[in-house]
Amino acid sequence: MARPHIEPYVELDHPFKKFGVSGFKGSSYKVLSLDTDTGACTLKVRFDGGFKRKPGLSYSDMEIFVLNGKIKVGKQTWTEGHYAFVPAGMAVGQIEVPQGAEALLMFNDSEPSWVESDKNHQLALTEAFSSVNSYEDRPWGGGSIVSPSVATGCLIKLLHYDPLTEALSFLYCMTPRFAQDNISYHDSAEESYHIWGTSWMMQFGELPTGGYFWRPPYINHGSFRCKYGTIAFGRTDSILFNYFHFNPWTNPDENKLRAAANLYRKRPQLYDWVASDGHNHPHGPPDFENPDYTSEPQVRMLHGEPVGGTVSRSKVGTGGKARKKK
Amino acid sequence: MAKRVQDVKPARSKETEAWFRENIAEQKQRYAAIVKEQDGLAAQREKWVEEFLQVIQTKGFNVTGDTRRVIKPSEIAKKPKGRHQVVF
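Line by line, the protein sequences are chains A and B. Taking the working numbering, I'd label the letters of the first sequence as residues 101 to 426. Taking the working numbering, I'd label the letters of the second sequence as residues 8 to 95.
One thing to keep in mind: the hints can contain errors.
[Said to hold, decoys possible] In the DMTMM-like style, the derived pairs of lysine to aspartate or glutamate whose C-alpha atoms are separated by at most 20 Å in a straight line are:
no.	chain 1	residue 1	chain 2	residue 2
1	B	Lys54	A	Glu202
2	A	Lys170	A	Glu202
3	A	Lys117	B	Glu53
[What the hints assert, rightly or not] Restraint-style ranges between C-beta atoms, simulated for each label pair:
no.	chain 1	residue 1	chain 2	residue 2	range
4	A	Arg277	B	Gln64	15 to 23 Å
5	B	Thr65	A	Ser376	41 to 49 Å
6	B	Lys88	A	Pro276	34 to 42 Å
7	B	Ala40	A	Pro385	25 to 33 Å
[Stated by the list, open to error] Just a few of them, taken from the derived set where beta-carbon distance is under 7 Å, the chain B residues facing chain A:
no.	residue
8	Arg11
9	Val12
10	Gln13
11	Ile31
12	Tyr38
13	Val42
14	Trp55
15	Phe59
16	Gln61
17	Gln64
18	Gly72
19	Ile78
20	Pro80
21	Val94
In case anyone wonders, no lab produced these hints; they're calculated from the structure. No residue lacks a Cβ here, since even glycine has one placed at the ideal position from N, Cα and C.
One chain only, chain A, in its complex shape:
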């Protein structure tokens, strides 16, 4: 099972390490979180000035968020605030970093991989590719994209949305003096990196610039405060539903039961059907619209099934679901 609960982790306090893996030599990295089963990970990567790499592809879905500097990718130049989702098997152009750059690099299915290629893999789902400068090409919207919603003062720019799982990648900010007096948890894992600014949560204290968390599902967080404003990059691995409450001492098991009770109240017929004998489909029920979804790497990862190649097993780590992206 997946990535441990890493919260809070302030990466600025820790040094970069030389990246010795093929395709990444000439860069340095810090692991922010790592799936101990699959190798899926979130890294902060520093590309040294003069870094070059030929066109190539990864065997994992990949996301990148440029923190600073310029990265030439084929004919494009990705600058500060650039976000891209690159599906597994899609070839990206030659990479050049003339003067150095730093980025968050996320491999969603397996460890960092790269194979030289100027052609897409025949199985690549290239239509999922997206590339946008989040600072310049997206407006801020209210944080009330879901209900129950966050308080006024938490704004969002949606960067990637998975229509099947409703997993999100987004930029968010908290305005100065933002406050929200409730405790929250979600069905999804949640991840965040503070690009700038400090926010506070009742459980963990302050999360400053360079602060990071990977939080598995059903873990309490909040209430929330932000004194001077914060801008951050965030992700969930499935639908984001805010379960708000005010009991500071509940644990993830209690929170999960409350979530199940919520489902029972809202969709009693479905709950009864799923829970009754003979209808409990541990690998997910059939979906006539997406008959192959149970073969998706992310669904298989949920059940500890191998996803291509050699997948090592490790007992290290605690809960949390595999990231669901396609």
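We have chain A; now place chain B onto it with these hints.
The following block gives chain B in isolation, referenced to the frame of chain A:
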């Protein structure tokens, strides 16, 4: 079963396997350090919790968005015995 790119990923090279093992071990250390650091905040956290419980009984609890509801004293949960665990 639909075949996907991830299904045909080659086995990890020795180089990658070594990278993976090294970083799992380091993450384990980071996790332990986080738990220790967070345990060290226990006394401060108790004060934060007290303040939170005061706020929701006076200013109110954010039900959704900016909609608030003032919580009655009888609705406040009793603090359980034992350590208040926040990292899982």
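Okay, the hints, checked on the actual structure:
1. B/Lys54 / A/Glu202: Not satisfied, since the Cα-Cα distance of roughly 38 Å exceeds 20 Å.
2. A/Lys170 / A/Glu202: Distance ~9 Å between lysine 170 of chain A and glutamate 202 of chain A Cα, so the pair holds.
3. A/Lys117 / B/Glu53: 37 Å, violated
4. A/Arg277 / B/Gln64: 15 to 23 Å: 22 Å, holds
5. B/Thr65 / A/Ser376: 41 to 49 Å: Since the Cβ atoms of threonine 65 of chain B and serine 376 of chain A sit about 46 Å apart, the hinted range of 41 to 49 Å holds.
6. B/Lys88 / A/Pro276: 34 to 42 Å: Since lysine 88 of chain B and proline 276 of chain A have Cβ atoms about 39 Å apart, the given range 34 to 42 Å holds.
7. B/Ala40 / A/Pro385: 25 to 33 Å: 42 Å, violated
8. Arg11: 6 Å, holds
9. Val12: 3 Å, holds
10. Gln13: Nearest chain A Cβ about 4 Å off; hint holds.
11. Ile31: At 5 Å from the nearest chain A Cβ, isoleucine 31 of chain B passes the 7 Å test, so the hint holds.
12. Tyr38: For tyrosine 38 of chain B, the interface hint holds, since the closest Cβ of chain A sits about 5 Å away, which is under 7 Å.
13. Val42: 9 Å, violated
14. Trp55: With a closest approach of 5 Å, the tryptophan 55 of chain B hint holds.
15. Phe59: At about 5 Å, which falls below the 7 Å cut-off, the nearest Cβ of chain A leaves the hint on phenylalanine 59 of chain B intact, so it holds.
16. Gln61: 10 Å, violated
17. Gln64: Violated: closest Cβ of chain A sits about 10 Å from glutamine 64 of chain B, beyond 7 Å.
18. Gly72: This hint holds: glycine 72 of chain B lies near chain A, its Cβ roughly 5 Å from the closest one there, short of 7 Å.
19. Ile78: 6 Å, holds
20. Pro80: Violated, about 12 Å.
21. Val94: 5 Å, holds
Consistency note: the structure conflicts with the earlier hints numbered 1, 3, 7, 13, 16, 17, 20.
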